[in-house]
Amino acid sequence: MRDAAVLPVVSSRSVAFRTLLTKEVLRFWKVSFQTVAAPVLTAVLYLLVFGQVLKDRVEVFPGVSYVAFLIPGLVMMSVLQNAFANSSSSLIQSKIMGSLVFVLLPPFSHWQIFGAYVLASVVRGLVVGLGVFVVAVWFGPPAFEAPGWILVFALTGSAMLGALGVIAGIWSDKFDQLAAFQNFVVMPATFLSGVFYSVKGLPAFWQAVSHLNPFFYVIDGFRYGFFAQSDVSPWVSLAVMAVAVAITATVALSLLARGYKMRH
Amino acid sequence: MTAAIQVNSVSKRYGSLVALDRVDLAVEPGEFFGLLGPNGAGKTTLISIIAGLVRASSGAVAIMGHDVVDDFRAARLSVGVVPQELTFDPFFTVRETLTFQSGYFGLAGNDAWIDEVLENLGLATRSNTNTRALSGGMKRRLLVAQALVHKPPVIVLDEPTAGVDVELRQTLWNFIRRLNREGHTIVLTTHYLEEAQALCGRIAMLKAGRVIALDTTRALLGRLAGLQLTMRPGGTPPASVLAHRIDERDGLLTLRLAHSDEVARVLAECAAAGCAVHDLEVGRADLEDVFLQLMADQPAADPLRGVAA
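Chain order of the listed sequences is Y and A.
For the first sequence, the working numbering begins at 22 and goes up steadily by one.
For the second sequence, the working numbering begins at -18 and goes up steadily by one.
If you are wondering where the hints come from, they were derived from the structure by calculation, not from laboratory data.
Do not rely on the hints blindly, as some may be mistaken.
Calculated lysine-lysine pairs in the DSS-like style (CA-CA distance at most 30 Å, straight line) [to be verified]:
(1) A:K188 - Y:K76
(2) Y:K116 - Y:K282
(3) Y:K51 - A:K188
(4) A:K120 - Y:K282
Let the hints inform the model, and build the full structure from the sequences given.
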């Protein structure tokens, strides 16, 4: 070699990781009207409609108004849906646009790509969740009986859906496949998890079905943080979430490591 | 000396389609190397394997001695790839795009080099423009800039001048030539054979996934040795002249001659046979002639392996 200009550069793995994370966060933040404000509005509409219609008819937990009961459920629903939307839409867009190549050419490990996409999803989930909460508090401030659990389930829930979004984003070749994943997996699992009700009010069969849904545990555990009341112990919910996060993370990591549908 | 790019018996199969068939190549550090071939010959597949975007079915590739699979970090730090597809991230400006790309390679505080790249590719005035608002040519420049942010010792350009205007080609080649003089290894695929002829010191030609020629540009041109003489005969040239014929159309006769001395002999023989000669033109074979001849001559099953690198 003839010149110092071509000597190898000093490359930092942490700079690489932080850059990808920053870019993934900025990607949704730059269009925050659509990615943050819109989901907050949706959640508030649910709160207005269901809260007003049902507030005098339902008391799920003793001493807790229906509106107060509903707020944590809606917050968690927004956290989950937006965490999923972030990683999955980023991947499918860059796959279809071709700009994924800019992430595939640099020396990222599959751990780094996974970590950056999932963490950005967690950030989006928490930002939207916080937005929903801040607006919802107007309608009836819930208690904060055990705030540590609130944080634990916000983090594990958004991480699980961030990882699920990575899987869906990699697996989908087209936007409609991703939409199918969202409409036929994520939406039903969220709606049937006790956002709007306690599963204790369901017939035994549907109670049993609900207990197979990890979304049920994350919402139930999250609610415990507010009211110190829940359908199952938060420790059980935490254990279920730990397993669910481990499974989704393992699948997402192995897809990334194999370069499935990314490195042909 | 460690090769800049070492390709060892690389094959790539997509089901029953063989995109690359036991390709061997070595590009030496500091070379300006051309990879030519018709569409579908496997050029982009080979480049994608070098870049780590595609995994070889068998065989191995190393960049600056680093295996692209086992030692992918070092390999990818050593190579900058300009993809053929014109693609961009619509969320960001030109400068943000380059700062991110630089960060992806683990480089912080790389602004001086980013400025230099922007300047040299004529992008400096667009640095705060959103990528969506760039013209096609400007997007192409950005794509080149993105490949250079980490100052890679090896630069691979997959048809960087496809569909771009003369000005950009000039700007681009001036900059790439400079980088080559400074020691960067350049690998280029292009459909503009005059570009390859002017720029590349050595050329590999691919056909149907195989290397059918691998030699210096000079030696490849030498395969069609000598001169081409084109003329419009006023009568019937003698048989001794027609023996050199390689083409005849629209009344124009093209001969291949081994040496310039033969020009005088051909003219004398024509004159002796009473055949007048008009519109005389003498030229050298160019890369396009070599390319066309090789592509026509070489059945894919019988690869002619050139000088091993």
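Practice task
State the violated hints by number, sorted upward, taking the hints as numbered earlier in the document.
Solution key: Violated hints (numbers, rising): 1, 3; every other hint is consistent with the structure.
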